[in-house]
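Asker: Residues per chain, in single letters:
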Amino acid sequence: MTPRRTCIPMLACMLAGLAGIPYAACASGTQERLNPLLPVIPEGQGTRCVEDTDFMRRNHMDILKHQRDETVLKGVRNRKYSLKECLDCHVVYGPDEAAVTASSPTHFCRSCHDYAAVSIDCFECHASRPETAEMPDHPRVSGNVSSSSASSGSR
Amino acid sequence: MTDTPGFDPARRSFLGAMAAAAGVTLAPGVMLYAIGRSPAASAKPLDAEASAAVRWGMLIDLNRCDSGCDDCVSACAEENGLRGFGRPETDAQWIRKVDIRNPQTGNSKSLPVMCQHCEDPPCVDVCPTGASFKRADGIVLVNKHTCIGCRYCMMACPYKARSFVHEALEDQKPYAPRGKGTVESCTLCVHRIDADRQPACVEACSDTGGGAMLFGDLNDPESDISKRVASFATQQIRADLGLNPGIRYRNL
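From first to last, the protein sequence lines stand for chains W and S. Those letters in the first sequence? Residues 1 to 155, per this note's numbering, in order. Those letters in the second sequence? Residues 1 to 252, per this note's numbering, in order.
Looking at chain S on its own, in the form it has when it is part of the complex (with noise of 0.2 Å):
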């Protein structure tokens, strides 16, 4: 990684600013206005769209979690009606539990990993159809409609948070559709996130495990989440990658 140059998101965000500046002199007569957060910008109704004002994050606090507890993995499994076939290695994961351990000090940890919801995904970068994309909320998705299931996107993910539907499917959840021939991975509960309620792991993680995930408003400030994230160091999962990921991991 050192030789080649990496990814610079301030470079890109440069660039950004540049065409965001042409456009507004391409266009005159044309007056923008910045949208101001209302405070309650997470109740979104029904028939609105996601608001970029948004951005769906997640706290996850290691200490609180435990090496032998999964309740955040049945949950997503139930919730989005994942259903093995008894094949480990093919079988559609949107959330694993990752044990690891510094040989060193022999100081071992429990998190849970899943789509991490990066600000700049490489999932989207690399899909030949645009069937993977971010919403206006920071919510990284699939369109299944578009999606030709060539699985790049699970080749550019560094955190291998998504799978490949192998087998056909039948009874899906009404709210949750997903078949054979197409990726798919976590959507942050997007059908709940949509009707204000939070995702199935946070629930269960609240309800019967450890209270160790936190989900909210990172761009709110008066949210739990951010209030938190500034008073507290956190961390992200391969941060090296520069792709601002929304989940975030405390006491990693």
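One chain only, chain W, in its complex shape (with noise of 0.2 Å):
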């Protein structure tokens, strides 16, 4: 069999997962996976989401985009499109039963990020997982500044 044969199942099984054709076979974590290729995406922690998955799947981050700017700048804070509460319901929690941080591909994000070859600037500075993770602990910032002049508070 020459290499060229062999690619081709290969290339029916991407067309066909381009095509999302099984989609619903994938959609749970619980399912067995009918193909290997396609991503786990776990399942949220509550009863559904704020909207459809296919609208989810297409525009999520056009709502995130524009609920950012939204809350930097002008300081609304509507909960339904916010980050914080995504990741609050599709936290994912490791065999140490600890939520996943963006680190493991095992991460609701990740798990279909990973899949499409898009990378996440997201958390680089915003928190991928709930706050009641345990924090690692680092040293703490303190610091007292000593200035031995009453004018040189300043500069």
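Keep in mind that the hints were calculated from the coordinates and are not lab data. Please note: incorrect hints may appear among the correct ones.
Said to hold, decoys possible - Derived BS3-like pairs: lysine-lysine, alpha-carbon spacing no greater than 25 Å straight-line:
hint	chain 1	residue 1	chain 2	residue 2
1	W	K65	S	K44
2	W	K84	S	K44
3	W	K80	S	K227
4	S	K173	S	K44
5	W	K65	S	K109
6	S	K134	W	K74
7	W	K74	S	K44
8	W	K65	S	K160
9	W	K84	W	K74
10	W	K74	S	K109
11	W	K84	S	K160
12	S	K173	W	K74
Combine the two chains into a complex, taking the hints into account.
Answerer: So this is what it looks like as structure tokens:
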């Protein structure tokens, strides 16, 4: 068999994946995966998402981007489209029963983004898991600054 | 500073008034109503925008601020997830205690210094991307989505209030996002203010410290801070710069 022939079934698989045919089969992490190439998408903790799944798959980035500007610039803190709320509901627990961060491939956002080869910048600044998770212990910031002159308080 | 023409707030406000007048003339038929300040202006609903009728500020009574106490600093670090890397030169510092002493008299004071939330912030003037901005209610913030980490604002700030994040971070607090390559500073605990709570430093100061810090709306004549600012002499640090900081000190 030539290498070209072995490629054909794989290509067919990828095309099927792109067409979204077996989405229903891979939508739940608990169901058996029919195709190992497709991502395992963990289920949320709540009963239903703030929007339909199809809508969220296509538009979550626009919603989050709009919300971020409203929140940072104007102080509008709607909970519906808040990234924090997304992560609270879509929390995934690891084998040690702690919520996983975006450094784990099983993280809700990563499971799809890895598959789609789209990098996520959000978690360079944003927390990728709910706050209840144990924080690692780093040395605390502290510092008293002493000055011998009463006039040098600012510069 | 005496040779160069300094910043003149009166000139700026005059130009602003002229521009506003021109705007009214250019748009006839558009009626502008001044929105009256409601008594509960501070209790902002979560889905409402920050109101320009509010000017958040703080009054710090230095007679109640003990030199050895840094409860405000640790409360800030705890609240905002500031963790050091053992490198004091570059570790983030949103609030610090500064001990000052007058060498002539020996009189010494200890004061917490953080972003002073100026009415005319130099950091906003110099920011090339508009990431450094002042919210409608007077809180000066960094929009880290547009901050490119050039650090002009750190140079411009006369209070050395800003820090640059040099290290990759993880496990930030969900309500205090911060990351490598961006500038940050005291947010006046904006996430708490939007939830009608006091900043963490103020809360810690009244709980375990000397109760030196008072937070409130400087625009509301009925607020505690406005009454106190009206009855006692208070100072701003580097008031000569004319930036009108929202953080005021008493007994400096």
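Asker: Holds or violated: K84 of chain W with K160 of chain S, Cα cutoff 25 Å?
Answerer: Given that 25 Å is the threshold and the Cα spacing comes to 31 Å, the pair is violated.
Asker: Holds or violated: K84 of chain W and K74 of chain W, Cα atoms, limit 25 Å.
Answerer: The hint holds at about 17 Å.
Asker: Does K109 of chain S lie within 25 Å of K74 of chain W when you go C-alpha to C-alpha?
Answerer: violated, 37 Å
Asker: If you draw a straight line from the CA of K173 of chain S to the CA of K74 of chain W, is it 25 Å or shorter?
Answerer: holds, 20 Å
Asker: Please work out if K65 of chain W and K44 of chain S have their alpha carbons no farther apart than 25 Å.
Answerer: holds, 23 Å
Asker: Quickly compare the C-alpha distance for K173 of chain S and K44 of chain S to 25 Å and report which way the hint goes.
Answerer: Satisfied, since the Cα-Cα distance of roughly 22 Å is no more than 25 Å.
Asker: Under the criterion that the straight-line Cα-Cα distance not exceed 25 Å, is the pair K80 of chain W, K227 of chain S satisfied?
Answerer: violated, 38 Å
Asker: With the threshold set at 25 Å, check whether the alpha-carbon distance from K65 of chain W to K160 of chain S stays at or below it.
Answerer: Violated, at roughly 31 Å.
Asker: For a C-alpha distance cap of 25 Å, please report whether K65 of chain W and K109 of chain S respect it.
Answerer: violated, 46 Å
Asker: Is it true that the CA of K74 of chain W sits at most 25 Å from the CA of K44 of chain S?
Answerer: holds, 12 Å
Asker: Does K134 of chain S pair with K74 of chain W here, judged by a C-alpha cut-off of 25 Å?
Answerer: holds, 10 Å
Asker: Next pair to validate is K84 of chain W with K44 of chain S; report whether the Cα-Cα distance is within 25 Å.
Answerer: holds, 20 Å
In the structure shown, a violation is registered for the earlier hints numbered 3, 5, 8, 10, 11, in ascending order.
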